[in-house]
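Undergrad: Sequence:
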Amino acid sequence: VVFHEITKRAILEAVANPRDIDMNLVNAQQTRRALDYLVGFNLSPLLWKKVRRGLSAGRVQSVALRLICEREAEIREFKTQEYWSITAELMRSDSERFQARLVCAEGKKLNRFDIQNEKKATRLVEAVINQPLYVASVEKKRVLRNPSPPFITSTLQQEASRKLGFSARQTMITAQKLYEGVEITLPDGSKESVGLITYMRTDSVQLANEAVANLRELIKSRYSPDHLPKTPRKYKSSAKNAQEAHEAIRPTDPNLFPEHLRKNLDKDGFRLYELIWKRTVACQMASAQIDQVAAVLAVGEPSAEAPYRLRATGSSMVFPGFMEVYSEGRDEVSAQDRGEEDAAMLPPLTEGESLRQLGIDPRQHFTEPPPRYTEASLVKTLEHYGIGRPSTYAPTMSTLQERGYVRLDKRKFYPEDVGLVVNRFLVGHFEKYVDYHFTAHLEDDLDAVSRGEKAWQPLLKSFWTPFVRQIQEKDETTSKAELTTEATGEKCPECQGDLFIKLGRFGRFKACGNYPECRFTENLPRSGEVAAEPAEVVVSDQLCDKCGKPMLVKKGRFGPYLACSGYPECRNNQPLVKPVDTGVPCPECGKGTFLEKKSRRGKLFYSCSAYPGCKKALWNKPVVRPCPLCRAPFLTLKVTKSRGEELVCATEGCKHREGVGGT
1 VVFHEITKRA
11 ILEAVANPRD
21 IDMNLVNAQQ
31 TRRALDYLVG
41 FNLSPLLWKK
51 VRRGLSAGRV
61 QSVALRLICE
71 REAEIREFKT
81 QEYWSITAEL
91 MRSDSERFQA
101 RLVCAEGKKL
111 NRFDIQNEKK
121 ATRLVEAVIN
131 QPLYVASVEK
141 KRVLRNPSPP
151 FITSTLQQEA
161 SRKLGFSARQ
171 TMITAQKLYE
181 GVEITLPDGS
191 KESVGLITYM
201 RTDSVQLANE
211 AVANLRELIK
221 SRYSPDHLPK
231 TPRKYKSSAK
241 NAQEAHEAIR
251 PTDPNLFPEH
261 LRKNLDKDGF
271 RLYELIWKRT
281 VACQMASAQI
291 DQVAAVLAVG
301 EPSAEAPYRL
311 RATGSSMVFP
321 GFMEVYSEGR
331 DEVSAQDRGE
341 EDAAMLPPLT
351 EGESLRQLGI
361 DPRQHFTEPP
371 PRYTEASLVK
381 TLEHYGIGRP
391 STYAPTMSTL
401 QERGYVRLDK
411 RKFYPEDVGL
421 VVNRFLVGHF
431 EKYVDYHFTA
441 HLEDDLDAVS
451 RGEKAWQPLL
461 KSFWTPFVRQ
471 IQEKDETTSK
481 AELTTEATGE
491 KCPECQGDLF
501 IKLGRFGRFK
511 ACGNYPECRF
521 TENLPRSGEV
531 AAEPAEVVVS
541 DQLCDKCGKP
551 MLVKKGRFGP
561 YLACSGYPEC
571 RNNQPLVKPV
581 DTGVPCPECG
591 KGTFLEKKSR
601 RGKLFYSCSA
611 YPGCKKALWN
621 KPVVRPCPLC
631 RAPFLTLKVT
641 KSRGEELVCA
651 TEGCKHREGV
661 GGT
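Numbers 1 to 663, taken from my numbering, label the letters of the sequence shown in order.
Quick caveat, the hints were computed from the structure, so don't treat them as lab data.
Warning: the hint list may mix true and false statements.
Claimed, not checked - Calculated lysine to aspartate or glutamate pairs in the EDC-like style (CA-CA distance at most 20 Å, straight line):
#, residue 1, residue 2
1, K236, D444
2, K163, E328
3, K616, E645
4, K616, E588
5, K140, E328
6, K220, E259
7, K120, E82
Construct the entire structure; sequences and hints are all you get.
TA: Quick look at the structure:
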């Protein structure tokens, strides 16, 4: 029994028309699961051994991680280039103002990087400023803008991210609720649970004929006959490896208007339903009609061949069509890809008309690196390569964050240090299996299985045999140090030893290769963060208690501390704030006293001042009071929830305890 929406009509129709189980689809799904298990269950344990426990690899997640890491590398290696543009503020005789940009100088067309510095920009401004300007030519054309297809899973996730700020996971959870059914109030006052959208895991942009007919009727009555194209719109999927077993994502009944359901839906449900409803209705509406105008303005003479020319562009909406209901969002793009001019309105211009200059503005620009991936653009890229299925995108992005491979900051993905290390390992040693085209080709093979064109057993065998051989080989030939330690070519500022980048529990850091003799470390910034300026050397007012030289304030991985300026001859380190001395003598060595200190996790403990010569330590505070039972020189103050404060003996085997007041 097959149905694409949970409505009474759809369920009854499906039950009345059962079909045989398509074993080709079953085999394809089972093969996909087997491949995922083979990759995850064999590659993940290798990561545990070579990097750290708790990591994972996957057929889709590892490729997504590679995309994010390679984009970060592009950003780091990007070289900024300076360029200038020159914009004029102009006015017609009737006081209508507009802007135009210099596009031709000295008879040559200006490309983006032709004005490379302020000196050249100033020279061009001087050639144009206060010169008479004439309209040399005006070109008008009418363009049609067509609506986007109805939603599939990937485009729904992208658009919900752009317009609503939803994560892919949030989108799918909300869509699942809309699909499964929401209790709504019917016109007669009764209540009924109704599935509001069709199945939300789909590659298909097709709509059922009945749905299209309902949409056309709605458009004609709710808007106007002009908003309805002569024939229904047909769409073809642009996604690679699309499987069109289902319909596109659409409202089950377009006459359930969003405004009528506001009281029946939570905030997320309402916003997502409204987005789906608008996109679906718009996809069957007439094209928008836009007039675009481009004017060439000549400097000094009314000729289209003048050596200095400016260009002004503008547009105006003639008929909004589908844009009255919906227009698609855009991913973040760099300034140079957006273009330097806004599609502003231009006043009516006639050839030969003279214009007045109000000012010339030379503007400095710098090229920008490619933007980091958002959830929307990552889904779009995975879909472009044909990697994964609609149902895998949301869990893939969640897994990358749960493993600590990436973080999502202000809706942009940044690779974490462990993600960079894992990606370097996979690309360096399993390049074939994280290759974009290999993964997409595997999806092609799985689609062929679903169509009955390929047998699933040979496909699994052809993947598994070389893969397991490579797992065994890399297990024997790669070491943990090779993956988690990286030479820098730099020297340690304290002992002149070689510096290495290491992967620790809290990320990557620089460390001296002469450890433990030299304990120099330096934190490294996370991806997307700016490295801190080297701190100035601060000399404290304390002297080293071992050699008498001044103590320096330094910053380590666990905060500031005091280090002897006589390093490396003297390696004395001390906490920045001197620990409190309890005055209780240490019974172990008889030389030191117990000092109050903090562990790395912030818990108080008490250790002998003769450390590291004496390693005696206590968790409870020692108190100068002999034990009446075993005659030990001190007791310890212990606090429990049941007994409160009490004094207990720290000697092993002695069970003496008493109240703080001696009771």
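Undergrad: The structure should be examined with respect to each hint, and the outcome stated for every one.
TA: Here is what the structure says about each hint:
Between K236 and D444 the alpha-carbon distance is near 18 Å, which keeps this suggested pair within the 20 Å criterion. The hinted pair formed by K163 and E328 meets the criterion: a straight-line CA distance of about 9 Å does not exceed 20 Å. A hinted pair counts as satisfied when its Cα atoms are at most 20 Å apart, and K616 with E645 does not qualify at roughly 23 Å. Taking the CA atoms of K616 and E588, the gap is near 7 Å; set against the 20 Å cutoff, the hint holds.
Simply put, K140 and E328 have alpha-carbon atoms about 25 Å apart, too far for the 20 Å limit, and the pair is violated. Between K220 and E259 the alpha-carbon distance is near 19 Å, which keeps this suggested pair within the 20 Å criterion. For the suggested pair K120 and E82, the alpha carbons sit about 12 Å apart, so the restraint of at most 20 Å is met.
In terms of the numbered hints stated before, the structure departs from hints 3, 5, listed from lowest to highest.
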